[in-house]
Amino acid sequence: MTSSLSLLRRLDLQRSVIYVGFLAIFLFFAATLYDDGFLTSRNLTNIVLQTAPATIMAIGLVFALSAGEIDLSFGSVVAVSALSAAVVMQSFPMVVGILAGLGAGALIGAMNGILVAYLRLPSFLVTLATMGLFAGIARSMTDLRSIPVLNDTFTGIFGSGKLFSIPSLVLWTIFAVAIGHIVYRSTRFGAHVLATGDNARAAQVSGIKVPRIRLGVLTLCGTMAGLAGLLYAGRLQAAKYTLGESDLMTVIAAVIVGGTALNGGKGSIIGALLGSLLMGMLNNGLILMGLDVSDQMIVRGLIILIAVAVSLRDTSR
Amino acid sequence: MAGSISSVSSPDPVLALANIHKAFGGIVAIEDFSLDLHAGEIVALVGDNGAGKSTLVKIVSGVHRPTSGEIRLDGDPVSFSDASSARSLGIEVVYQDLALADQQPVYMNMFLGRELIKPPFGLLDRKRMHRECQQLVDELDVRIPSAGSVIRDLSGGQRQGIAIARATHWASKLVLLDEPTAALGVAETAKVEEQVASLKEKNLAILIISHSLDQVFRLADRICVLRRGQQIGVRETAKTDKNEIVSMITGVSGKS
Ligand SMILES: Nc1ncnc2c1ncn2[C@@H]1O[C@H](COP(=O)(O)OP(=O)(O)OP(=O)(O)O)[C@@H](O)[C@H]1O
Ligand SMILES: [Mg+2]
Numbered sequence: 001m002t003s004s005l006s007l008l009r010r011l012d013l014q015r016s017v018i019y020v021g022f023l024a025i026f027l028f029f030a031a032t033l034y035d036d037g038f039l040t041s042r043n044l045t046n047i048v049l050q051t052a053p054a055t056i057m058a059i060g061l062v063f064a065l066s067a068g069e070i071d072l073s074f075g076s077v078v079a080v081s082a083l084s085a086a087v088v089m090q091s092f093p094m095v096v097g098i099l100a101g102l103g104a105g106a107l108i109g110a111m112n113g114i115l116v117a118y119l120r121l122p123s124f125l126v127t128l129a130t131m132g133l134f135a136g137i138a139r140s141m142t143d144l145r146s147i148p149v150l151n152d153t154f155t156g157i158f159g160s161g162k163l164f165s166i167p168s169l170v171l172w173t174i175f176a177v178a179i180g181h182i183v184y185r186s187t188r189f190g191a192h193v194l195a196t197g198d199n200a201r202a203a204q205v206s207g208i209k210v211p212r213i214r215l216g217v218l219t220l221c222g223t224m225a226g227l228a229g230l231l232y233a234g235r236l237q238a239a240k241y242t243l244g245e246s247d248l249m250t251v252i253a254a255v256i257v258g259g260t261a262l263n264g265g266k267g268s269i270i271g272a273l274l275g276s277l278l279m280g281m282l283n284n285g286l287i288l289m290g291l292d293v294s295d296q297m298i299v300r301g302l303i304i305l306i307a308v309a310v311s312l313r314d315t316s317r
Numbered sequence: 001m002a003g004s005i006s007s008v009s010s011p012d013p014v015l016a017l018a019n020i021h022k023a024f025g026g027i028v029a030i031e032d033f034s035l036d037l038h039a040g041e042i043v044a045l046v047g048d049n050g051a052g053k054s055t056l057v058k059i060v061s062g063v064h065r066p067t068s069g070e071i072r073l074d075g076d077p078v079s080f081s082d083a084s085s086a087r088s089l090g091i092e093v094v095y096q097d098l099a100l101a102d103q104q105p106v107y108m109n110m111f112l113g114r115e116l117i118k119p120p121f122g123l124l125d126r127k128r129m130h131r132e133c134q135q136l137v138d139e140l141d142v143r144i145p146s147a148g149s150v151i152r153d154l155s156g157g158q159r160q161g162i163a164i165a166r167a168t169h170w171a172s173k174l175v176l177l178d179e180p181t182a183a184l185g186v187a188e189t190a191k192v193e194e195q196v197a198s199l200k201e202k203n204l205a206i207l208i209i210s211h212s213l214d215q216v217f218r219l220a221d222r223i224c225v226l227r228r229g230q231q232i233g234v235r236e237t238a239k240t241d242k243n244e245i246v247s248m249i250t251g252v253s254g255k256s
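Chains as they are written, first to last, in the numbering used here: chain A, 1 to 317; chain B, 1 to 256.
Don't read these hints as lab results, they were simulated from the structure. Mixed in with the good hints there might be a few duds.
Unchecked claim - A short list of chain B residues far from chain A (calculated; beta carbon distances all over 10 Å):
#1 S61
#2 A101
#3 V186
To be verified - Examples of chain A residues toward chain B, derived with CB under 10 Å:
#4 A191
#5 N199
#6 G301
Note that CB positions come from ideal geometry on N, CA and C, so glycine has one too.
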């Protein structure tokens, strides 16, 4: 009895919610939407391709939440980064465009980070403001026009390309999740992020440079959003101010459902990946069911509500 | 040199505080505090709420800087820029409000800020931290389910045991304890007192804050009294009694 209890502990009920939920919804769609082609490898691959940017952003958000901060601005960062890359590539080599895209993300993230870490403004308010600020900047950058991305190498690396017949977006997902998981679980930085979010004072008196950790996670968030922007630009072969606009809810839901605590100190990168795939699966399944857009939004909102409620109930025990 | 001769008979104190003054804005928290603390000695710091005891601990541990005054460690003047510089000189603190990360396992708390890593990639060596932590808590007889337990699942006594074990493990000179038994029951308090006494055997210098005079008289070699930031006096435990200490704390004469 005790051994099975401690086994349950070790499996961590809270994290297993995402595995069970993921499996349940997968099986539900597999059964009900079999004839609509849900289970075809083409459709399943599609889900992974479509969720790649959200998964990348979710990884950044796991770090931010684990450190006790939040980033609401990443959706706007996606657009600014994609547009920066696209505009720069019109007159400069691809590498410069990539650096511009990632650099824009990193800079905005660092700006959030400095305001939060050194001026001690709440990250919720800072990133709420920068979300609006950069949504506006994205709109004014190109007068609402969409900028085509014609560089084949770029669209190959960040979009439709393949390596050993594996789509590049799948590779980006695997790569980012693997690196993210190792950094989160097995480096001092990861441990200090968790300690900071868990008990900032304890972290500080233990010699952890708490402000640096806060700056670090928010910069990471911005950079990941920048990478997500490149992936959108690569897949759609164009950049537009609307990119990333609707990702805020999806990404936050993915991360929370994946077992990351809203108030810091606890999280999971693998959970965030599953959460993100779960959101993608929902999108895909609801479309295959033939629901119209407004019904999709309603059902998705309800399911996210239930999922978040279940995973948070579990956290507070 | 005279110093080297006298150092044989009375070595430099581990910690020497001279004329420490601390003000927060306009509020004076410590007026003018001086104290020598020797290896293998337990000094108790007593005083009413707000007397400035925790502030003093935070000055010695590098959390606050004194407004003026001098801190010497083994005779050398030191100035701490933050908590980690004091730690690196062998000073450990058990804080009044536990400085543990609740959702992390015991072993990560034991190594907080000093995590062990392994080659070739410099990744965390969780196995070794777990093992060494388990050994340590076993040695100190801190009864917890395992070094892998999450702090949140432990009792107050177990948590305090871990905080003290951590200080014991890392301190090489000085341990500061700020009301280590304030929230504990009778049995847990006895256990913590045992642990504190064992620190003395390890030849560390110990400064303990407590509101329990019984405890202070059980543990301390000397007692130092603070009242509203003023240092009232230092007494040898053997040469004083509770009445005298109480009247020093309150400022009211003990004779009725
Ligand atoms: N960071 C700070 N900023 C301003 N004032 C402070 C600060 N820390 C302490 N003080 C003030 O300094 C005085 C001494 O506080 P301190 O915490 O050292 O008391 P204490 O003796 O530890 O009391 P207790 O027994 O209640 O723990 C108090 O008046 C307190 O309000
Ligand atoms: Mg105090």
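Verification of the hints:
A cut-off of 10 Å between C-beta atoms contradicts the statement that S61 (chain B) is not in contact with chain A; the least separation is 7 Å. With a least CB separation of 4 Å from chain A, A101 (chain B) falls inside the 10 Å interface cut-off, contrary to its annotation. Every Cβ of chain A is farther than 10 Å from the Cβ of V186 (chain B); the closest lies at roughly 27 Å, confirming the non-interface assignment. Because the beta carbon of A191 (chain A) sits about 5 Å from the nearest beta carbon in chain B, less than 10 Å, this interface hint is met.
Nearest Cβ of chain B to the Cβ of N199 (chain A): about 5 Å, under the 10 Å cut. The hint holds. Taken as an interface hint, G301 (chain A) does not check out: its beta carbon lies about 29 Å from the nearest beta carbon of chain B, beyond 10 Å.
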